[in-house]
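Now for the letters of each chain:
There are 4 protein chains.
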Amino acid sequence: MASRPTPERSTAILLISCPDQPGIVAAISNFLFENSGNIFDVDQHVDPDENAFFMRIEWGVEDFGIERERISAAFTPLAEKFGMDWELHFSDVLPRVAIFVTRDNHCLYDLLSRYESGELLMEIPLVISNREDLRNAVERFDIPFHHIPITKENKAGQEKKEIALLRDNNCEMAILARYMQILSSQMCQAFPHKIINIHHSFLPAFPGARPYHSAFKRGVKIVGATSHYVTEDLDEGPIIAQGVTQVSHRDSVKAFIRKGRDLEQTVLSRAVWLHINRRTLVFGNRTVVFG
Amino acid sequence: MASRPTPERSTAILLISCPDQPGIVAAISNFLFENSGNIFDVDQHVDPDENAFFMRIEWGVEDFGIERERISAAFTPLAEKFGMDWELHFSDVLPRVAIFVTRDNHCLYDLLSRYESGELLMEIPLVISNREDLRNAVERFDIPFHHIPITKENKAGQEKKEIALLRDNNCEMAILARYMQILSSQMCQAFPHKIINIHHSFLPAFPGARPYHSAFKRGVKIVGATSHYVTEDLDEGPIIAQGVTQVSHRDSVKAFIRKGRDLEQTVLSRAVWLHINRRTLVFGNRTVVFG
Amino acid sequence: MASRPTPERSTAILLISCPDQPGIVAAISNFLFENSGNIFDVDQHVDPDENAFFMRIEWGVEDFGIERERISAAFTPLAEKFGMDWELHFSDVLPRVAIFVTRDNHCLYDLLSRYESGELLMEIPLVISNREDLRNAVERFDIPFHHIPITKENKAGQEKKEIALLRDNNCEMAILARYMQILSSQMCQAFPHKIINIHHSFLPAFPGARPYHSAFKRGVKIVGATSHYVTEDLDEGPIIAQGVTQVSHRDSVKAFIRKGRDLEQTVLSRAVWLHINRRTLVFGNRTVVFG
Amino acid sequence: MASRPTPERSTAILLISCPDQPGIVAAISNFLFENSGNIFDVDQHVDPDENAFFMRIEWGVEDFGIERERISAAFTPLAEKFGMDWELHFSDVLPRVAIFVTRDNHCLYDLLSRYESGELLMEIPLVISNREDLRNAVERFDIPFHHIPITKENKAGQEKKEIALLRDNNCEMAILARYMQILSSQMCQAFPHKIINIHHSFLPAFPGARPYHSAFKRGVKIVGATSHYVTEDLDEGPIIAQGVTQVSHRDSVKAFIRKGRDLEQTVLSRAVWLHINRRTLVFGNRTVVFG
Chain C
18 MASRPTPERS
28 TAILLISCPD
38 QPGIVAAISN
48 FLFENSGNIF
58 DVDQHVDPDE
68 NAFFMRIEWG
78 VEDFGIERER
88 ISAAFTPLAE
98 KFGMDWELHF
108 SDVLPRVAIF
118 VTRDNHCLYD
128 LLSRYESGEL
138 LMEIPLVISN
148 REDLRNAVER
158 FDIPFHHIPI
168 TKENKAGQEK
178 KEIALLRDNN
188 CEMAILARYM
198 QILSSQMCQA
208 FPHKIINIHH
218 SFLPAFPGAR
228 PYHSAFKRGV
238 KIVGATSHYV
248 TEDLDEGPII
258 AQGVTQVSHR
268 DSVKAFIRKG
278 RDLEQTVLSR
288 AVWLHINRRT
298 LVFGNRTVVF
308 G
Chain R
18 MASRPTPERS
28 TAILLISCPD
38 QPGIVAAISN
48 FLFENSGNIF
58 DVDQHVDPDE
68 NAFFMRIEWG
78 VEDFGIERER
88 ISAAFTPLAE
98 KFGMDWELHF
108 SDVLPRVAIF
118 VTRDNHCLYD
128 LLSRYESGEL
138 LMEIPLVISN
148 REDLRNAVER
158 FDIPFHHIPI
168 TKENKAGQEK
178 KEIALLRDNN
188 CEMAILARYM
198 QILSSQMCQA
208 FPHKIINIHH
218 SFLPAFPGAR
228 PYHSAFKRGV
238 KIVGATSHYV
248 TEDLDEGPII
258 AQGVTQVSHR
268 DSVKAFIRKG
278 RDLEQTVLSR
288 AVWLHINRRT
298 LVFGNRTVVF
308 G
Chain Y
18 MASRPTPERS
28 TAILLISCPD
38 QPGIVAAISN
48 FLFENSGNIF
58 DVDQHVDPDE
68 NAFFMRIEWG
78 VEDFGIERER
88 ISAAFTPLAE
98 KFGMDWELHF
108 SDVLPRVAIF
118 VTRDNHCLYD
128 LLSRYESGEL
138 LMEIPLVISN
148 REDLRNAVER
158 FDIPFHHIPI
168 TKENKAGQEK
178 KEIALLRDNN
188 CEMAILARYM
198 QILSSQMCQA
208 FPHKIINIHH
218 SFLPAFPGAR
228 PYHSAFKRGV
238 KIVGATSHYV
248 TEDLDEGPII
258 AQGVTQVSHR
268 DSVKAFIRKG
278 RDLEQTVLSR
288 AVWLHINRRT
298 LVFGNRTVVF
308 G
Chain D
18 MASRPTPERS
28 TAILLISCPD
38 QPGIVAAISN
48 FLFENSGNIF
58 DVDQHVDPDE
68 NAFFMRIEWG
78 VEDFGIERER
88 ISAAFTPLAE
98 KFGMDWELHF
108 SDVLPRVAIF
118 VTRDNHCLYD
128 LLSRYESGEL
138 LMEIPLVISN
148 REDLRNAVER
158 FDIPFHHIPI
168 TKENKAGQEK
178 KEIALLRDNN
188 CEMAILARYM
198 QILSSQMCQA
208 FPHKIINIHH
218 SFLPAFPGAR
228 PYHSAFKRGV
238 KIVGATSHYV
248 TEDLDEGPII
258 AQGVTQVSHR
268 DSVKAFIRKG
278 RDLEQTVLSR
288 AVWLHINRRT
298 LVFGNRTVVF
308 G
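Chains as they are written, first to last, in this note's numbering: chain C, 18 to 308; chain R, 18 to 308; chain Y, 18 to 308; chain D, 18 to 308.
Quick caveat, the hints were computed from the structure, so don't treat them as lab data.
Every residue, glycine too, gets a C-beta built ideally from N, C-alpha and C.
Just to be clear, a hint being listed does not mean it is correct.
To be verified - Selected chain Y positions facing chain C (Cβ under 8 Å, derived; list incomplete): (1) 43; (2) 50; (3) 266; (4) 270.
Take the sequences, apply the hints, and build the full model.
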């Protein structure tokens, strides 16, 4: 794993949200045009009901008229003029990501397989688990595995440890890959809109525990999975991606679980891909996804 | 509309549910075999957790060894031996169906188009509405239209009228094609598991009123529609069919509604097709669908 | 049908394609900004491999700084500077559309139902058919029905008649709603990228006649439908929309056809909606769909 | 990996196909009933056009009236009477499977993850590859990796080696997990309907090489993946499972490939699950899938 895959080209990515008003697009376009920005991709959205403007714009950083260290400063006046919330990212600065797991291996393997193939361009400095089950699976990939068991009594302290581990490893974000623990608010607040969870139902149907059992009991004909940002309200955070698949009376709860696993891993990996490619914006409790 | 489409062949259809035990299939098979039954279709299902057995079996009625009037009597001993709940239908006896509408025309037209083409083999002796909006649409098809307005005050009496109308027209069932009134329990009890509704969400998510608005507000990435049997618990009846479609941040509530309409009409018509082809069995609050 | 539904607001819509180069977005944005254009929706796309730029932009026409009659002239210099292919439409000028049918009614009814409800904002001055079967269905909606039978011998002449009918009725486009005749090149050339067809397979699989029979024979597990612009190469035109649904060994050819009908009508109506809302651009043999 | 997951219960599974005639179901039911067979699952299908009968029946082997070694002999007279093609399997005799790979790791990891979790109950005595790329990925799972490079010149000989390896390892079947070599007829004939491939398109659309590039060029709006039994006619074998996902003009060929990978691994693993659970029957060039 000495030489990890790298992005094809070095780009700068701006993610912008602000109140809508005439002239925003023209101003941003001119900013890039005047500095010889070679735009690779631009996507924008106006929510007329909320009078909100959203944009993702990606351009080549190497031949840009402003050095990468100075882009933020150069853009700030324009951002202030329009009251923008904004983030600037560079495609060649890979996000450092902690993965949390418990016992199920399918989401973990799916992430690791895409990580190894270079589809998910990120660093994984560590995996954290409240159980030992998946140590072997993780260490096979030469990734450090941290066993941090959680009980009601030690939860606050153990989470502090986890936050420290993420900070020490410069992780900007975390993925809960079927991590079977509810995060406390200290954890949620430490990484706001930076923790991605997969819930094994089509939210808002069947929040909480054992959704497949509930879905079976209700007699649904379709089951789903939902990937969302973790907030303090369990299973209520902004949704990034959802997937569904058909079931029938022939499917037992076990079959629901088996079919659902396919969804969970696919939906989670899609959400992670969107996030680390800086294609998601949170607005209120919804997301704008430049897919 | 003088000569309505008729089924290709005359068949008898048995729908059976009973506690599972060895020998059921052998007994039914022998019953048909000994009377020269030419089986066209058989489908069965065992729910091991509930120890329940379900079967749908369809055979030619014309060359069967027992006359159609005497099949019930001939089958009764076997049914009693195994404690069966059972129904016997004939494909050439078309179900008589009342359709309830309010203002939206898409489900109505979809049903009428399939009725006219012969895909939905049923009789529609009447359409009932609490508004006048769709009178013209219905009468174009030479189907009597009954305007029965409902207020909180007159509801009980008006529903009595509706029940009488259905009885007078020998309707065995009803379809709520975006009928914007909640049925009272007298109506539900008059036609148990014989009234099919379409709800414009992926139940159990977003029950009740304005589901597209709720779905939009929650920021879901997929919307759905659910067709179910009406019971006294609103939106809680056994689900027959569900469908879903993708939405994104680009979709306004209006777009949710527009995309949802495609689902509503398709899912409702599929549920109706399944029911009138005697392919559904209710078991507790779930359905077995021999699709 | 005296008062047909009208659009909510009067907008101007520009559809643009041109070689990509820096400054296009800035130029267009400035053009609108300087004339107080209130942008409702903008969507753009750059195809880096083809170096092609595509845009759809929609703004309010009532308070725009340029009168609607003069917008074209005012935009022309900018369009010429960037070598644009462009179209200007107004949402309150409803497209006039001819529908062609043969015998199947489902796509026809689906279109008429959406037309009547105002989902499809268009005028339908006439329906043309090579058979009489659907006359009644059409005339119910107070739309003139023209029976123009086609044989190998009379085809060229009859198509001339059809073209004349469309011209006389100021139809800018046509919809083939399961019209079972192959259009000759004179017809295709008369309305380039203005005739929308529905093909009852997932193209390019199963082009030509009897696709459901071929799909059944091949043993596929999913069937589809494809809506595309008609070109002289049968079933080879630019695809606008596709849909699919699952099938199994339990499904006969007849079931394939029945399930396929749901797709055909939904996919065709979606494609028509996209086209008449000026959300499609043809580029080579592909489409850009601002969905 | 010392203790691999085992099936929950020991069952016998009969897969039967034969010409349809009255009395088959009764005969089989009686055979099991008379020997105290506890049926867990039964599914059957009649293809009326082909006059063909198909059945899968699964029952408990431990309390069955006939010892497992003698079931075949006991069933043979009945099978001969009805001219059956039949197979008898036991759920606790895990199939031994060889996996073939080349360079892409996603299908491999998906299979290994499901193998490790016990979802895919099978033995994997070896992985074969024409390249070295995935050695490390395989050996991590303590599975022997065989590098057997193939050139036009050495193909016949190398395939002989592969067949010998499979025979030596008692492999009854093989999975081509994005194995980028066309099997010759000697290989196909050595394992008829026992080699499962994943093709990265919605067959029969885009057979052969580089299907995503072809799909992109054709401008499709949906891409697919197809898992099928390998026959001597490339990409023409009986289809077991298919999946699809939406694409748009925003998706480059690279995005088609990325989205397709999700399908490939899911569809392949589903097909393998169906096969090793003895839920597939080949009939002509189609499959009956008791899903």
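Minimum beta-carbon distance criterion (8 Å), residue 50 of chain Y to chain C
5 Å, holds
Per the CB criterion, is residue 43 of chain Y less than 8 Å away from chain C?
4 Å, holds
Satisfaction of the residue 270 of chain Y interface hint, Cβ to chain C closer than 8 Å
Violated, because the Cβ-Cβ distance from residue 270 of chain Y to chain C comes to roughly 22 Å (cut-off 8 Å).
Let's test the interface hint: is any C-beta of chain C closer than 8 Å to that of residue 266 of chain Y?
It is violated, given that the least Cβ distance between residue 266 of chain Y and chain C is near 14 Å, above 8 Å.
Hint compliance for this structure: hints 3 and 4 are not met, and every other hint is.
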